[in-house]
Amino acid sequence: MKIEILGVGCPKCKQLTANTEVAVKELNIQAEVGKVTDIDKITDYGVMMTPALAVDGTVVSAGKVLSKDEIKRIISK
Amino acid sequence: MGECMCQEGGVLIFPCSGAADVGDLSDRVARKMAQCGQAKMFCLAGIGAHVPGMIESAKAAKKIIAIDGCQVLCSKKILEHAGFTPISFNLKDLGFEKGTTQVNDENIKKAATKISGSKSEETSSRNSGGCCGNERHSSLCGR
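Protein chains in written order, with the numbering used here: chain S, 1 to 77; chain H, 1001 to 1143.
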């Protein structure tokens, strides 16, 4: 599984990254967590509000700092 | 750090941008409102195409405004089809007839003022701002 946090690096993006890393750790799954900070790449995803979260290339959330539990629910589907 | 896009969901505006004069007017009104910081213009085509990033970004909005040029209400219907409940404005109801509307500064300002004035509480932009102090102004410039 490939999880990407889309955002230019503001505090909200960092918080979403931290929450994602905790969620992955607690689920004990194999996942690659990466960041997309290039604004052109972010808009290529159609994202107009950050931070956003993409799982295997599909945006599943935008404009929100998801909690650890919300992320766990999304990536467990 | 580049331009932050962490602006929390404020008011998103989706004009129909149709081919007719009133479609053109809807587009220019939306751009005018966006330039004045009253709303953020968004891509209706992206919603129609069900682009996940666009849909998820729109979900983060506090309010969604659809501006349609005529009674076909394409923008409103596309948004509803995607699961949104927009505040809908039909330029025909605001006095602009398809085929006889001039797309000029006067009509752009007139329509923008009517939309921002109508249901002003519903359409007002009270963004909480992002994490980078990028708050927007809520007044319609040149009003």
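Treat the hints with care, as some may be off.
Unchecked claim - Listed below are the simulated DSSO-like cross-link pairs for lysine-lysine, each with C-alpha atoms no more than 27 Å apart in a straight line: (1) S:K12 to H:K1059; (2) S:K64 to H:K1059; (3) H:K1062 to S:K12; (4) H:K1059 to S:K35; (5) S:K64 to H:K1063; (6) S:K12 to H:K1077; (7) S:K77 to S:K14; (8) H:K1114 to S:K68; (9) H:K1114 to S:K64; (10) H:K1063 to H:K1077; (11) H:K1059 to S:K72; (12) S:K68 to H:K1077; (13) H:K1062 to S:K41; (14) S:K14 to H:K1062; (15) H:K1077 to S:K14.
These are computed hints drawn from the structure, not numbers from a lab.
In rising order, the numbers of the hints this structure does not comply with: Structure breaks hints 6, 8, 9, 12, 15.
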